[in-house]
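In order, the protein sequence lines correspond to chains C and L.
FYI, numbering that gives the first Met the number 0 numbers position 19 of the first sequence as 18, with every residue one higher than the one before it.
FYI, numbering that gives the first Met the number 0 numbers position 204 of the second sequence as 203, with every residue one higher than the one before it.
Check before you lean on any hint, since a few could be wrong.
Cβ-to-Cβ under 10 angstroms is the rule here; a few derived chain L residues that face chain C [as the list claims (entries may be wrong)]:
{"no.": "1", "residue": "Gln69"}
{"no.": "2", "residue": "Phe91"}
{"no.": "3", "residue": "Leu230"}
Because the hints were derived from the structure by calculation, they are not lab data.
All figures in this text were calculated on a predicted structure; none of them were measured in a lab.
All C-beta atoms in this analysis are idealised placements derived from N, C-alpha and C, irrespective of residue type, glycine included.
These are the residues of each chain, in order.
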Amino acid sequence: MTDAGIVVESLRKTYRRGAGGEVRALDGVSLTIAPGEIFGVIGPNGAGKTTFFGCLLGFLWPDAGSVTIDGRAPDDLAVRRVTGYLPERLVMDRWMCGLDFLEYHHALAGLPAATRHDDARAALERVGLEPAAGERPIRKYSRGMLQRLGFAQALLGHPRYLFLDEPASGVDPAGVVLFRRILADLKGGGVTVLLNSHQLEQVERVCDRVAFVSRGKVEAIETLAAGAAHARVLRVRWAAAAAAPVRATLEDAAVRAGAVLNSADGAQASFAVADDAGAARLLQSLIGAGVPVAEATPEESRLERLFLATPAGGAP
Amino acid sequence: MNTTLILATLRQRLTSPIRLGLLALLFFMPIGAATLMYQNGLATLGDSYGLTLVLAAGLIGQDLSSGVLQLLFARPVRRSEYLINRWLAVSFGVTALSLVQAVVAVGLLGMRGHPTSAQEFMIFAGNSALIAFGTAAVVALFSSLLPGFGDLALLLVFQLVGGVLQMVGQFAARPLVSRIGTEMTGFITPRFDLTPFFAGVDPSWAAIAAYASTVTLSLALAIVVLNRRELSYASAG
Chain C
0 MTDAGIVVES LRKTYRRGAG GEVRALDGVS LTIAPGEIFG VIGPNGAGKT TFFGCLLGFL
60 WPDAGSVTID GRAPDDLAVR RVTGYLPERL VMDRWMCGLD FLEYHHALAG LPAATRHDDA
120 RAALERVGLE PAAGERPIRK YSRGMLQRLG FAQALLGHPR YLFLDEPASG VDPAGVVLFR
180 RILADLKGGG VTVLLNSHQL EQVERVCDRV AFVSRGKVEA IETLAAGAAH ARVLRVRWAA
240 AAAAPVRATL EDAAVRAGAV LNSADGAQAS FAVADDAGAA RLLQSLIGAG VPVAEATPEE
300 SRLERLFLAT PAGGAP
Chain L
0 MNTTLILATL RQRLTSPIRL GLLALLFFMP IGAATLMYQN GLATLGDSYG LTLVLAAGLI
60 GQDLSSGVLQ LLFARPVRRS EYLINRWLAV SFGVTALSLV QAVVAVGLLG MRGHPTSAQE
120 FMIFAGNSAL IAFGTAAVVA LFSSLLPGFG DLALLLVFQL VGGVLQMVGQ FAARPLVSRI
180 GTEMTGFITP RFDLTPFFAG VDPSWAAIAA YASTVTLSLA LAIVVLNRRE LSYASAG
């Protein structure tokens, strides 16, 4: 198979509803996802994201347009062999135990039987599930455990393409951090990941690019890596009674901390920083410059700002 | 044959307590009856139609409505492979159950001084297997059309409509109507008797052709229906 990534051209999909009604779920979606890229898809509920995933996985037939993965149709068995999938509404054969489930999917994936048990155990461990959990019936799993097991299933066989639909849904904070680390590992291994998530911070942290989908259309595709250096906004307020620092002082303090002064107004200013460490450096720098910092509040992330500014996020 | 799919199907089928209870009932009750009415030999065991219905009910529809097919078809498994292997799993399962049932019955009949001939055993085993493979194929077709246990409802509808048409045809002296009714009930109970083979009589080739065509047509249609089905909760509602 060629390493051509995912190519989507003019994809259209309409659902027929009762009494002759129609709902256009996808309306001419075109995009290309390069091999090794982590690509996010965000948008409001009902935007067409799940339908988009369904078409990419070959579960839904588009009315028009095309999808190719490595130059092949998405339901080509050669594509399926290199694909991992974690659906949003995870439904499993609840009569199985965790290990059974993983070994079952290992076998379905056509992976070697000789390594089946060890691979299943390794997958469990990778997503932070204890070995004992593998022996437990799936019907006794909590929501978060189910999600971890589903993720383990998707990772079986080292897929080259990974489709993750709300992977961190119902997962505890430790699990979210673990998932993020796994995604970073996958990116290092050249895996192409398509991520659908409402957790914008999560998307912002892991994705190279993100598509904003609204009413079945891609409204914008944003490259996150380019702006990652100043991804978040920190609003800093200082004691009103103190003399207001001059703008040059604020700018110097920001530059020393690797941040950018967005605006300064009265007893407060807005800075763009890269991450938590950047925010800490900025506060240290401001205090060092004699600014009597009284309060520092993180504002919406860059992606949140972009999301809210596009029609996908409800902007007029 | 995909042994992973076959074993998973059998395990799935046998984890339902209701299904297990019904299977136990259909397994042991005929053995008890055959032991009591030992003069009739294995004939009292009946056929494997009931066992097949219990083990096959919701063969595809149950997976369709539960949503497990999305994960399964994300794997390199053809839909036709999935369907054929589920049909094989149920057919083999029922055949094995019928054989065990017959072996137990033969033992009990022997203890009551009524030995079973090898020919009688072979006919029973062969007929049971044919009914299992035929009925499971029809259930697979109906189950690919309707979610959950809609296949059983469709079987019931076929049975009722077929019966009514037969009666109406007879009363109204309309052979065509009666024939349609007969064909409808025949379609859901595909079978042919192996007795002529063992009795040295020429078998009914029409019956063999009818059986083979029902099984082939059912499976082919079921594959077409499954292949045309979209799999996504986004398309629901």
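Evaluation of the provided hints:
1. Gln69: With Cβ-Cβ at 5 angstroms, under 10 angstroms, it holds.
2. Phe91: 18 angstroms, violated
3. Leu230: 4 angstroms, holds
The earlier numbered hint that this structure contradicts is number 2, and it is the only one.
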